[in-house]
Every structure is written in structure tokens, then in C-alpha cells.
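Number of protein chains: 2
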Amino acid sequence: MIKRALPVTREADFSAWYQAVISEADLAEESGVRGCMVIRPWGYGIWERIQRLLDDRIKATGHENCYFPLFIPLSYFEKEAEHVDGFAKEMAVVTHHRLKADGYGRLIPDPDAKLEEPLVVRPTSEMVIGAAFARWVQSWRDLPVLINQWANVVRWEMRTRMFLRTSEFLWQEGHTAHATADEARDETLKMLEVYRDFAEECLGVHVIAGEKPENERFPGAVATYSIEAMMQDGKALQAGTSHFLGTNFASAQNIRFQNAGGEFELCNTTSWGVSTRMIGAVIMVHGDDDGLRVPPMIAPWQVVIVPMLRDVPEDAAIVEYCKSLQAELAKQSALGEPVRALLDLKPAKAATKRWGWVKKGAPIVIEVGGRDMAGGNVTVIRRDRLYREDGKLDSNAVARDTFVAEVSGMLHDVQAKLHVESMNRVKGNIVPADDFAALEAHFADGVKNPGWVDVRWSKPTGPALDKVVERLKALKLTIRNAPMGQTGCDDGACIFTGEPAVERVLIGRAY
Amino acid sequence: MIKRALPVTREADFSAWYQAVISEADLAEESGVRGCMVIRPWGYGIWERIQRLLDDRIKATGHENCYFPLFIPLSYFEKEAEHVDGFAKEMAVVTHHRLKADGYGRLIPDPDAKLEEPLVVRPTSEMVIGAAFARWVQSWRDLPVLINQWANVVRWEMRTRMFLRTSEFLWQEGHTAHATADEARDETLKMLEVYRDFAEECLGVHVIAGEKPENERFPGAVATYSIEAMMQDGKALQAGTSHFLGTNFASAQNIRFQNAGGEFELCNTTSWGVSTRMIGAVIMVHGDDDGLRVPPMIAPWQVVIVPMLRDVPEDAAIVEYCKSLQAELAKQSALGEPVRALLDLKPAKAATKRWGWVKKGAPIVIEVGGRDMAGGNVTVIRRDRLYREDGKLDSNAVARDTFVAEVSGMLHDVQAKLHVESMNRVKGNIVPADDFAALEAHFADGVKNPGWVDVRWSKPTGPALDKVVERLKALKLTIRNAPMGQTGCDDGACIFTGEPAVERVLIGRAY
Numbered sequence: 039m040i041k042r043a044l045p046v047t048r049e050a051d052f053s054a055w056y057q058a059v060i061s062e063a064d065l066a067e068e069s070g071v072r073g074c075m076v077i078r079p080w081g082y083g084i085w086e087r088i089q090r091l092l093d094d095r096i097k098a099t100g101h102e103n104c105y106f107p108l109f110i111p112l113s114y115f116e117k118e119a120e121h122v123d124g125f126a127k128e129m130a131v132v133t134h135h136r137l138k139a140d141g142y143g144r145l146i147p148d149p150d151a152k153l154e155e156p157l158v159v160r161p162t163s164e165m166v167i168g169a170a171f172a173r174w175v176q177s178w179r180d181l182p183v184l185i186n187q188w189a190n191v192v193r194w195e196m197r198t199r200m201f202l203r204t205s206e207f208l209w210q211e212g213h214t215a216h217a218t219a220d221e222a223r224d225e226t227l228k229m230l231e232v233y234r235d236f237a238e239e240c241l242g243v244h245v246i247a248g249e250k251p252e253n254e255r256f257p258g259a260v261a262t263y264s265i266e267a268m269m270q271d272g273k274a275l276q277a278g279t280s281h282f283l284g285t286n287f288a289s290a291q292n293i294r295f296q297n298a299g300g301e302f303e304l305c306n307t308t309s310w311g312v313s314t315r316m317i318g319a320v321i322m323v324h325g326d327d328d329g330l331r332v333p334p335m336i337a338p339w340q341v342v343i344v345p346m347l348r349d350v351p352e353d354a355a356i357v358e359y360c361k362s363l364q365a366e367l368a369k370q371s372a373l374g375e376p377v378r379a380l381l382d383l384k385p386a387k388a389a390t391k392r393w394g395w396v397k398k399g400a401p402i403v404i405e406v407g408g409r410d411m412a413g414g415n416v417t418v419i420r421r422d423r424l425y426r427e428d429g430k431l432d433s434n435a436v437a438r439d440t441f442v443a444e445v446s447g448m449l450h451d452v453q454a455k456l457h458v459e460s461m462n463r464v465k466g467n468i469v470p471a472d473d474f475a476a477l478e479a480h481f482a483d484g485v486k487n488p489g490w491v492d493v494r495w496s497k498p499t500g501p502a503l504d505k506v507v508e509r510l511k512a513l514k515l516t517i518r519n520a521p522m523g524q525t526g527c528d529d530g531a532c533i534f535t536g537e538p539a540v541e542r543v544l545i546g547r548a549y
Numbered sequence: 039m040i041k042r043a044l045p046v047t048r049e050a051d052f053s054a055w056y057q058a059v060i061s062e063a064d065l066a067e068e069s070g071v072r073g074c075m076v077i078r079p080w081g082y083g084i085w086e087r088i089q090r091l092l093d094d095r096i097k098a099t100g101h102e103n104c105y106f107p108l109f110i111p112l113s114y115f116e117k118e119a120e121h122v123d124g125f126a127k128e129m130a131v132v133t134h135h136r137l138k139a140d141g142y143g144r145l146i147p148d149p150d151a152k153l154e155e156p157l158v159v160r161p162t163s164e165m166v167i168g169a170a171f172a173r174w175v176q177s178w179r180d181l182p183v184l185i186n187q188w189a190n191v192v193r194w195e196m197r198t199r200m201f202l203r204t205s206e207f208l209w210q211e212g213h214t215a216h217a218t219a220d221e222a223r224d225e226t227l228k229m230l231e232v233y234r235d236f237a238e239e240c241l242g243v244h245v246i247a248g249e250k251p252e253n254e255r256f257p258g259a260v261a262t263y264s265i266e267a268m269m270q271d272g273k274a275l276q277a278g279t280s281h282f283l284g285t286n287f288a289s290a291q292n293i294r295f296q297n298a299g300g301e302f303e304l305c306n307t308t309s310w311g312v313s314t315r316m317i318g319a320v321i322m323v324h325g326d327d328d329g330l331r332v333p334p335m336i337a338p339w340q341v342v343i344v345p346m347l348r349d350v351p352e353d354a355a356i357v358e359y360c361k362s363l364q365a366e367l368a369k370q371s372a373l374g375e376p377v378r379a380l381l382d383l384k385p386a387k388a389a390t391k392r393w394g395w396v397k398k399g400a401p402i403v404i405e406v407g408g409r410d411m412a413g414g415n416v417t418v419i420r421r422d423r424l425y426r427e428d429g430k431l432d433s434n435a436v437a438r439d440t441f442v443a444e445v446s447g448m449l450h451d452v453q454a455k456l457h458v459e460s461m462n463r464v465k466g467n468i469v470p471a472d473d474f475a476a477l478e479a480h481f482a483d484g485v486k487n488p489g490w491v492d493v494r495w496s497k498p499t500g501p502a503l504d505k506v507v508e509r510l511k512a513l514k515l516t517i518r519n520a521p522m523g524q525t526g527c528d529d530g531a532c533i534f535t536g537e538p539a540v541e542r543v544l545i546g547r548a549y
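Which chain is which? The protein sequence lines are F and Y, in order.
Counting from 39, one number per residue, gives the positions in the first sequence under our numbering.
Counting from 39, one number per residue, gives the positions in the second sequence under our numbering.
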């Protein structure tokens, strides 16, 4: 058996493995502040790459970035009862604006500085952005309003898990207002497609885009769509959502426009977001027992050069050799951008550094020792195929010029391979179930990585849906979504109600 | 007299003019949330440009970005008494984590969800980042730690002014830890120089870099340095600061390392930051009575193309002509990046759009009508020279190819010209004062735009400095900084104490 770089394998304990990747790859750590994490340089570098690539796509579809206040007055929430109920009211509330010494060496909130109206730290910004839309929109000429914001938000969580569920997290939230429901629906689906394409092309994470069932809708939404990714333990992770809000928020917030005929109408609005949760998806989709594997498009460094130094005079020549290699690589272009190559000169042993970068998941690690230099070579390790068939580390001496010429194709190849792996996992782990008994059997205790099942249903609503949700909950299951692009449902009955089915939905366990 | 685009001139009322620019250029607006502003697309676009350019410089000097929690437990502040006193304790305090309905249709903080330990919304992150440094640093091999964060911070302000002083603002804060005081001092000055260079090269804002007097030091710092910019009303704006913290924070937070000899030592730390305040400086340095003038390097759009459409069939050809012009411009490179050209197709009159972009301060506005198209021309308006000598708008038909060939040089020229204007203003408005009476006379009531004075002083400390500060305060003056690179002080006495002077300092009114 090959010794792996992490202290625990996916097979042995997936949850402990996930924590180990986060820790060993220097992605994040507990902060000492309840429910909040510190995102470390490698983790934040991945987030910056996600921001850059997604922001380009958000702007290319006509949206502009803005910034809205962190604090939302309590009264704003009272306007939208359904929305607030949905958030279960678990929010951070600011009640004082000053500290004072208590006379015993401690600090306390100053009772004389109590706010007249408490402020809520934004859990999402529909309320405060809607208020701005109401100011901005007067006439049909002002529409559509297409806005996005990159921000931190806070939802008080009792049980937290790094990247997946933290009290504070980073995200982007798009908010738009339109003259018609059709246009707003189109926008909702357009951004869902932006997310799907982004997840697959940039993150290499294959996802299923579809509509969430009524019970999983965003509070106050008319329809909620999601992209669902499959983790290596078969569980689903909702990796992004897009909401058609109809006139619900516009009505609560008085977002109206005068149409070409001079009459006042309510706007139709949308909102959509993805968050640092995406990093959790990348870990659980691409990680292996040696740590993370970062898709090249979102890797802060795509090629890391580790010089093998021995505290001898020859070292200087090796460093020079590596510097010029780094400069040559930076002149290459891969996946539409200049290659990002780092020369790691930190004072540590080369083997320690090599394994550090393997655990971090840099797509390509280059080692350069005296022998490589003498032969005009570099030693190449590809993170996506770390071992040979005999279990030895697959590191190969390659002519330096050949490597430089091939680096672009190699990075392209790693990116594509990770995506294909993910796609095959999704395709290979969704199975149909023709009745509830088959569903139950599929998710019976002891079945490892059951993946998802694909079932026919009649799309019940209200109490009938509640009953379905209850039955699934007993099996720790949820309806993930009804995939887009269904061409109607073949004859058959709903596995829950027995009524004629109208569509197929995916069911699985989820994070 | 030329009619200007803004309702108020700088001359008539500088403060009202500042607000008018912010409003008419769509930079920001009041949010309805006390002390917090909404940063609108054009204002946020400028901030994104500032972030991109400054972030490149921060990374090029070896720093990595991270993200730390928004919330800081109260107990963290109790460790660093001097630091907390300095912040006057005006901070937003989170005391509850849930809302509940009060039974009368309102929401209240749930008394059952009171936090055991209140959380402070970060006013700055020394305390929480220092706690991370204490975990990260064990040995000299872990040093230096070079970290930066882009984040929102909150300091409860009683009197707010958009961009200059808001309760919530956006900034970057760098935090570093070093093995020696010398290295930390070098870092402090290196980042001061990064700020100076950035302000001048990218913002076109000439600044004076120097050390703040003891009374203006960051709470807990050993030395604080600033860049000071001069506004068009002669007031100073502190546009960035860099702090050498010595071992003060390391001692309070136990940031220690084992040196090569095996002994434990305290680290020396630094911190440095700039904020959305820089946008206030850009407005007050470059704005004129027609609105903002944005330096091309930080302009979200450098060239805006306004087609003159008349709801006739010919319109389609004009739009095509403009689209191909936009594509040609995007292929040009200016100031080190591809030209950012926008085609404005919003449904509004061309004249309205032209003046909208003038007020926003787009460096170049292009108008294209039927006649321009027929002649293969474009009509060019340069924002930095809007009027001819006769007071008419200086818009000129130019051959399209000529314009495309010259756009790069033109943008370079606008950038340089704005900087030179700013530099001349600073150089022309700093005058020496040889004694306190001269200082008093310079700032006598009724003197318009007095600028700054440059005086000799003995650098008093403690109560002697307090006395100086008091005397200046009576004249509404403050010591801005002691400029870097002084080659010793020529013979003479301190204008405050009469003792031998040791350096020169700048004195002025300030925002």
C-alpha cells in the first residue's frame, strides 16, 4: 500500500479527510471567533481566482458592481415577513455603538450608547438593495437594473463546517429589476447558466442545473434554481442559486416604474449568488488522499518550481537556472492567460516543499537539482497523476525546453481531466428508481456512496409536498432539483403520490 | 460666463460642490442606514480599478492576501488598552444572534439569544490578525509573515461625509511580522513608498510622504507615517498610513519566535492601509465645476462612445460604425493595459448622455452622428480640456483612424496632465513660516485656500507637544507630517518652543 500524504483517507473517514485537506493544504483554519474562519493565503488565492473569472462573466452579461451597507435596520425586515421567517431569524444584531470600561478592567457595551433601532448584519441584501432600486427606478427607461455585489454576509449558524457553513462567509449577490416577468425569468435562467458554465469550465466541477422544489425556495421567491454538485461521498452540494422573485419584493419595497403608456407597474426582480462554499465543492470533488488538486484555471500558482539546494556554492547557479525558467514560463499562455509560475525559495527542505505543494494541489511541481541543471532538464510532477503503476512517485526528468513548450497543453490537459473525472462520477452515480421501495432500498443503511436517484413525481404542493418531504427526511434525503431541459416525463406514476408524474427530480443526501 | 454642468461651483461653496460631484457623477448616495453609503457603479468601478492596481503592487512586494473574521470578541480588545483607548471605543457591538417577533408586529433582539461575550465589528484587524500570527509563527524560518486583507471595517462616526468619513468603509490593511526592528521599519517605509508611488502614478494625486507627530500616531504604534494630499481648497487629506508597531502588539498578543540560537524573541510588526477615502481625494484634487475628472488609469471606462441616434433607419448604421470603433479601441493599449471603451446605447438623448459622461469624468467622450460617419470621422471631447478659449465646448471632428492611432498617447497625456496640475498645486501652496506670528497671519480669517505652511520645530513630546497641539487647534490647524528625505534642518529655532529645531513639519487645515 502506498503511503499517502494525508493522515486520513477518504475511504476511512470522509469528514475527517475533508478537515485534513483544509488544514494540510493551508486553506483555512478556525479563527477563535465562533463560527468564523480565517481563510489562509492558498485558500484565499483560490477565492481570488474564482472572483476574477466569475466577475468577468458577470460583467460580460451586462451587470455592474456596487457596494451596499453591511447593516440593515430592523424595520426593513418587518416589511417582508415571509423572507424573514425563512431566515429563521438567526442573525447578528448590533445594539450598541460604543464600549466602555466597567471599572473592573473589563469592557462592556456602553448602556448610554444603545441604538434606537437595532441593526442587523446583512444575511443577504434584498432588503437594502431593493430600497435603492425603489429610489433608482422611475421610468421604463431606467430598466433593467443589473447589479452585483461582492461582500461578506452573516447567518448565525449553530453547527459550522469550514467553507460549507460558516457564520460569516464571502459571496457575490446579483440583484436585478425588470419591466416584465418574462424578462426577469430569462435573467434568472441566464445567470443559472453562467453558474453552470463557470462551475464546469473553471472549477472542473460537473453540476446539474435545475429548479428546486417549492419547499426549498428562497424565502419570498416565486422560483428558485440551483446547480447541484456531487461530492466523492455521493452527497450533493448546492453550489449556487438563482431566484425569480416575481413582484414579491418589489411590492414590499415599492419598486415601481412608469411604463411607456404612463401607467405605474411593479418591477419583477431576481437575485442570484455563489459563495466561498464553492471551495468546499472543489475540495470534495477534486481532492484525493494526498490533499487537494486545484484545477489550473483557479490555481493561484499553476507551476511551482522547487530548487534542490544543499547549502553549497553550486546553489546560486541552480537558483539562477530556476529564475530564468520561471521567466520563460511566465511568457507562456495557458487556458487564456499567462502561466502563473512560482519559484519557492522558502528556507525549508526540498522534499518538505514538494509534499507541501502536493498537498496544496498545485497542478505541476517542478524540481531542479544539480543533475537536472547539468543535463538541461527539469523534473516534472503532475498532481493529477502522482504515482506510477508500481506505486512510486511519478516524477520524470524532461528537457527544459520541451517542458516549456508543453506546459500550456499540460495545464489544459489537467483542467480537462479533472472535469471529465467529475462528470463521469455524476453520470455514473445517478440511477433511476421506479417506486418508493426502490428509493428506500437504494439508500438503505450501510450502502456506501449511494449517489443520487432520479425519480418521476407529480410535483405536489402544500400539505402533499410536506408529506413527501417528511418521508424523505426520515431517510435523510432531500429533493435536489428538477433538471433543466427535460423533454417531458415518460408515462408513469409519481413514486410518492401515485398520481401521473409531470417531471423527474433528483434525490440524494446533501451537505 | 460659461454655464457649468454642476449646480454649484468650487469657488461658491466647496463643500456643497463636493456633494454635488458625488451625486451628479453617480459615485455614491446616502443609504438610509446611518453613516453608511451606497457606492454606485461608477464610484465602485473606480474603487475596483484602485484595488486592481494597488493589489498588483502589494503582491509584487511579496505580500499574500487572506481573509480574517468580521467579528472580534470583546476580550481581544482588553489585551491592548492603549489601542482601544485610541479608537475612542466608538464601535458597533453585536450582542444578540437572533430576532423574534414581539407579538405586536415588530421584531426585537431575542433576549434568549444574548451572546455570552459581545462581538465587536472590526474597526481594524490588528487584534484578530495578531492572534493568527501567534499561531503561525514558531521559528525564524516562519518569518517574515507578509499579509494583506481587502475588507470592510466599521468605526462609529457621529459626523459623516461620503468617502471621507463613513461608519462603514472599504479598505486594505496590510499586516506583517518580522524578526528584527530594522526589518519591520524597512517594511513600514517600503509600503509608505508603494502608497506614494501609487497615489502619484495611478491617481495622479501628488502627495507628501512623511512621519506623523507623536500625537497623531496610530494607537499602540511606535511610529506612524502618512501620505498627505492637498485638496483644491488647500486642506490636507491623509490618504494612507503605514505604522511601525515595534513589539507593542506582539507583546500583548504573544507573537514570538525561536531565533537561530534557540532563544525566544518577540516579533516586530507593522500595519498599513488605504481606503475608499482615496476616492474623496480624487474628487477634491481632480474635480472641476463640470464634475469629476477621472485619471485614465483608474477610469472604469476611458473612452465612452455616444451615438447620436434620431429614431430613423440610419441609426443602425451608426451603431454598427460605433461597434467597430469600440472593437478597434479595445485592441489598443494605453498605460500598460488594453483601452477600456464603452458604447453607450442607453435610451436617452445624446446630449444628456454627453453631459452625463462629462460629469462622471470619463477621460474621452466620442460622439458619432450621421455626418461623422459619412466623413469617416469621430467627434472627440477631452475631459481635461473641455472648453476653448472662447468658452465654447471644445469638441472636434477627427478622422477615425487618426483617433484610434492617437488614443493611447491621448490617455497617457490626460493622466500626466492631471498629475502635473496636482503637483503644481502642492508645490505652489506650501510656504515657509519663520515664526508663530507668521503662521497665524497666514491662516488668518478670510484667507482663501491658504494651503500649508512649512515650519521648523524641536519635535517636543508629552506635555510640551500637547501645548503645541492646543495652540494649533485654536487656529483649526494640525501638524500633517514631517516630510521624508529632509537633509537636516537649517539653523533656527522651533517656532513653538524657541528651542533648536531638529526638523521641518507641514501644518495645515485638514479633512
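There may be inaccurate statements among the hints.
When chains are identical, the list treats them as one kind, so a pair holds in a single copy or across two.
As the list claims (entries may be wrong) - Derived lysine-lysine pairs resembling PhoX-like cross-links, with alpha carbons at most 20 angstroms apart: (1) LYS97 <-> LYS361; (2) LYS152 <-> LYS138; (3) LYS41 <-> LYS430; (4) LYS497 <-> LYS511; (5) LYS138 <-> LYS117; (6) LYS97 <-> LYS384; (7) LYS369 <-> LYS97; (8) LYS455 <-> LYS361; (9) LYS497 <-> LYS387; (10) LYS391 <-> LYS41; (11) LYS361 <-> LYS138; (12) LYS117 <-> LYS152; (13) LYS387 <-> LYS273; (14) LYS138 <-> LYS384; (15) LYS41 <-> LYS486; (16) LYS391 <-> LYS514; (17) LYS514 <-> LYS97.
No lab work stands behind these hints, which were simulated from the structure alone.
Quick rundown of the hints versus the structure:
In this assembly of identical chains, the alpha carbons of LYS97 and LYS361 lie at most 20 angstroms apart only when taken from different copies (18 angstroms versus 36 angstroms within one copy). Taking identical chains as interchangeable, the C-alpha atoms of LYS152 and LYS138 lie at most 20 angstroms apart whether they share a chain (12 angstroms) or sit on different chains (19 angstroms). Proximity of LYS41 and LYS430 under a CA criterion of 20 angstroms is satisfied intra-copy only: 10 angstroms inside one chain copy versus 79 angstroms between copies. For a Cα distance limit of 20 angstroms, the shortest separation of LYS497 from LYS511 inside one copy, 17 angstroms, qualifies, whereas the shortest one across copies, 73 angstroms, does not.
In this assembly of identical chains, LYS138 and LYS117 lie within 20 angstroms of each other by CA distance solely across copies; the values are 14 angstroms between and 34 angstroms within a copy. Taking identical chains as interchangeable, the C-alpha atoms of LYS97 and LYS384 lie at most 20 angstroms apart only when they sit on different chains, with a minimum of 16 angstroms there against 38 angstroms within one chain. With identical chains, the CA atoms of LYS369 and LYS97 are at most 20 angstroms apart between copies only, with a shortest distance of 19 angstroms across copies and 27 angstroms within one. When the C-alpha separation of LYS455 and LYS361 is checked against a cutoff of 20 angstroms, the pair qualifies neither within a copy, at 29 angstroms, nor between copies, at 38 angstroms.
For the homomeric pair LYS497 and LYS387, neither the shortest alpha-carbon distance inside one copy (60 angstroms) nor that between copies (49 angstroms) is at most 20 angstroms. Taking the shortest Cα distances, LYS391 and LYS41 sit within 20 angstroms of each other inside one copy (17 angstroms), while across copies they are farther apart (66 angstroms). In this assembly of identical chains, LYS361 and LYS138 lie within 20 angstroms of each other by CA distance neither inside one copy nor across copies; the values are 55 angstroms within and 61 angstroms between. Taking the shortest Cα distances, LYS117 and LYS152 never come within 20 angstroms of each other, neither inside one copy (23 angstroms) nor across copies (24 angstroms).
For the homomeric pair LYS387 and LYS273, neither the shortest alpha-carbon distance inside one copy (39 angstroms) nor that between copies (54 angstroms) is at most 20 angstroms. In this assembly of identical chains, LYS138 and LYS384 lie within 20 angstroms of each other by CA distance neither inside one copy nor across copies; the values are 45 angstroms within and 53 angstroms between. For a Cα distance limit of 20 angstroms, the shortest separation of LYS41 from LYS486 qualifies neither inside one copy, at 23 angstroms, nor across copies, at 77 angstroms. Proximity of LYS391 and LYS514 under a CA criterion of 20 angstroms is satisfied in neither setting, with 42 angstroms inside one chain copy and 57 angstroms between copies.
Taking the shortest Cα distances, LYS514 and LYS97 never come within 20 angstroms of each other, neither inside one copy (39 angstroms) nor across copies (46 angstroms).
The structure shown violates the earlier hints numbered 8, 9, 11, 12, 13, 14, 15, 16, 17.
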